[in-house]
Amino acid sequence: MNHLHGIVRSNRSMLLFLGLFALIAVATQLSGVPLMQRIVTVMMINLILVLGLQVFMGNSGFLSFVHIGFMGIGAYTSALLAMPVRAKSAALPTLYPFLADIQLPFLPAVLLAALVAALVAAIFGYPLMRLSESAAAIASFAMLVIIHVVLSQWSAVTNGPRTLFGVLRYTDLMTAAMWALVIIAVAYLFKRSTLGLKLRASRDNIHAAYSLGINVVVVRWIAFVISAAICGLAGALWAHFITSFAPGAFYLAQTFVVLTMLIVGGPRTVSGAVVGVLAVTAVHEGLRHVENTLNTSGSLPFQVVGLTEVLLAAALIVMLAVRPGGLIQSGEAGSPKARTVPPQQSAHVAAEEAS
Amino acid sequence: MQTFLQFILNALSLGSIYALMALGLVIVFGILRLVNFAYGELIMVAGYAWFALQGPGWPWVLLAVGAVIAAGVVSVLTERVAFRPVRSDSLNAMLVTSFAVSTLLQNSALLLVSPRARAVEVPSVLNNSIEFGGLRLGVNDLVTIVVCGAVLLALGALLRRTTLGIALRAAADDFRMLRLLGVRADKVIATAFAISGVLAGVVGVLWITRIGAVTPTVGAAPLLIALIAVVVGGMNGLAGSIVGGYLLGTLTVGLQLFLPQEVLAFRDAFIFAVVIIVLVLRPQGLVKGRYSAERVA
Chain A
1 MNHLHGIVRS
11 NRSMLLFLGL
21 FALIAVATQL
31 SGVPLMQRIV
41 TVMMINLILV
51 LGLQVFMGNS
61 GFLSFVHIGF
71 MGIGAYTSAL
81 LAMPVRAKSA
91 ALPTLYPFLA
101 DIQLPFLPAV
111 LLAALVAALV
121 AAIFGYPLMR
131 LSESAAAIAS
141 FAMLVIIHVV
151 LSQWSAVTNG
161 PRTLFGVLRY
171 TDLMTAAMWA
181 LVIIAVAYLF
191 KRSTLGLKLR
201 ASRDNIHAAY
211 SLGINVVVVR
221 WIAFVISAAI
231 CGLAGALWAH
241 FITSFAPGAF
251 YLAQTFVVLT
261 MLIVGGPRTV
271 SGAVVGVLAV
281 TAVHEGLRHV
291 ENTLNTSGSL
301 PFQVVGLTEV
311 LLAAALIVML
321 AVRPGGLIQS
331 GEAGSPKART
341 VPPQQSAHVA
351 AEEAS
Chain B
1001 MQTFLQFILN
1011 ALSLGSIYAL
1021 MALGLVIVFG
1031 ILRLVNFAYG
1041 ELIMVAGYAW
1051 FALQGPGWPW
1061 VLLAVGAVIA
1071 AGVVSVLTER
1081 VAFRPVRSDS
1091 LNAMLVTSFA
1101 VSTLLQNSAL
1111 LLVSPRARAV
1121 EVPSVLNNSI
1131 EFGGLRLGVN
1141 DLVTIVVCGA
1151 VLLALGALLR
1161 RTTLGIALRA
1171 AADDFRMLRL
1181 LGVRADKVIA
1191 TAFAISGVLA
1201 GVVGVLWITR
1211 IGAVTPTVGA
1221 APLLIALIAV
1231 VVGGMNGLAG
1241 SIVGGYLLGT
1251 LTVGLQLFLP
1261 QEVLAFRDAF
1271 IFAVVIIVLV
1281 LRPQGLVKGR
1291 YSAERVA
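Heads up: the sequence lines are chains A and B, in that order. 1 is the number of the first residue of the first sequence in the working numbering; add one for each residue after it. 1001 is the number of the first residue of the second sequence in the working numbering; add one for each residue after it.
I should point out that these hints are in silico values taken from the structure, not numbers from a laboratory. Any given hint could be a false lead.
Over the 10 Å line for every Cβ pair with chain B, so calculated as not near, a few chain A residues [stated by the list, open to error]: (1) 57; (2) 91; (3) 132; (4) 175; (5) 209; (6) 299; (7) 306; (8) 334.
Derived SDA-like pairs: lysine to any residue, alpha-carbon spacing no greater than 25 Å straight-line [unchecked claim]: (9) 1187/B to 1166/B; (10) 1187/B to 281/A; (11) 1187/B to 311/A.
Every residue, glycine too, gets a C-beta built ideally from N, C-alpha and C.
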């Protein structure tokens, strides 16, 4: 009994959010409102994406633009593996035979999608892990562009820049929610693992981390691969929910949404990432509703396009200026000892401010 | 021989516009270590300014000046409103801010103008071409080469001869030392953004009049080009970005000429692969800058 109490106590933040999201999923399911179910399903998938990004960005301190590319890789892999053979030959007549003749069930397809994304990340990501902060950001951006170009030009496999139709619909609210709960637990456990601790040590002081014998490049690389797998998984779930999509879906617009969620919530904490997804989804859907109402009511002589993004971007800029660490900067929400350590600045900047 | 000369001319024209793009990006990067993702949107602003001014039939030099001023003003505004508050935070905060500013400007254009392309009136003389000795040179290419050369010379003079220019160059080398010498950081950074905006404006005018239309996403391609040129040429000096720009212009014209059509679709993927390879193997770029201290804000 005492033992159980200890487990609950040390995982209070995780259990809090697991419970909250299970509750949201069940309540939405019972409500039976299709629009709500759709919004919450997409939110669950976005949650998986943001947590995938948090595993790498939050612990390593590196900014990554490429993760939406891994989402795209996951989406196309799973879509191709699970598509019925006949639909596949109609949609992609020039597909390679070994891909054209197989049809896997949902679960293996999704898991393989995560694996392929992880493999791509493992092969091409390793050299990136050696770079300095700003070079790594540029390189990850370059990698996103490369993945986008390949997805939109490899006509035999992806139908080129055109929309790929005929993906089977497997993902529903409950599947998405279940995966989201699993990934919440993974993100918390990763943060608490030895690997997560080493990674955060390298983030806070790379020289000290090296002197303790931490192989910073390898630790970063493992986290990068894990986070790519999570994003690939999210892409696969998304593909089987949306059922028809084009490479444009996995580019800068989606990157902006996911980064906003993570930054607003607070990239350094898992609870921050989770809260960020909730907050940004609420604001985003609210604004979109206003935009749609304005457009359908015909009260304006022109169509309102982009208002949601303008306000969201403005909110992000204000957020970064006022509270750069995000809503939950440090110390997981709901955990017993919420310490308030200010986000660490690089040493010379701190010295500068002090002078 | 003639093909070769023609190739050189085309490469020179494209290269000089790429060099200006890269220069505008690197002048801010040199001081703040910030890759300004909103840089492409400054080019877009110049395009829309041209579009907004073109109604009453003003002389087109006036349109060009108006467009350049608009881009410069917006650049300084973004610095004041968005970048200054996050300057002392992490590099990531600044990068994400620039991403947000880019989205904000792009969607403002969607909201305030239109998602569809807007045609700009181009002075008809630009579409003519001059022929001599079997070589064809478009007037717009000639204008590009001359304007870019003039801007490069003017910028060089500004950076070498004026106090502000020397302060700017010193800031790129060691910003903290510069502040210790009593130079105001805000002023130096605002100037860098102003120059960056003006360069984006000049590039915008040249770029938009080439394309003949302006869309909300027109800045995406120039941003990527500038990014590549800067990384390949070298991020720690202005000379490197100019070299990178001309190199990339030559490479683009060359690939266009020699690559088979079906591989050409993947051209951008190849070029960005070069970017990653350069970052990994030679992070300082082709032209190594002089001593440069770590980022301070």
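Hints and how they fare:
no.	hint	in the structure
1	57	violated (8 Å)
2	91	holds (20 Å)
3	132	violated (7 Å)
4	175	holds (31 Å)
5	209	holds (17 Å)
6	299	holds (16 Å)
7	306	violated (3 Å)
8	334	holds (26 Å)
9	1187/B to 1166/B	holds (13 Å)
10	1187/B to 281/A	violated (39 Å)
11	1187/B to 311/A	violated (29 Å)
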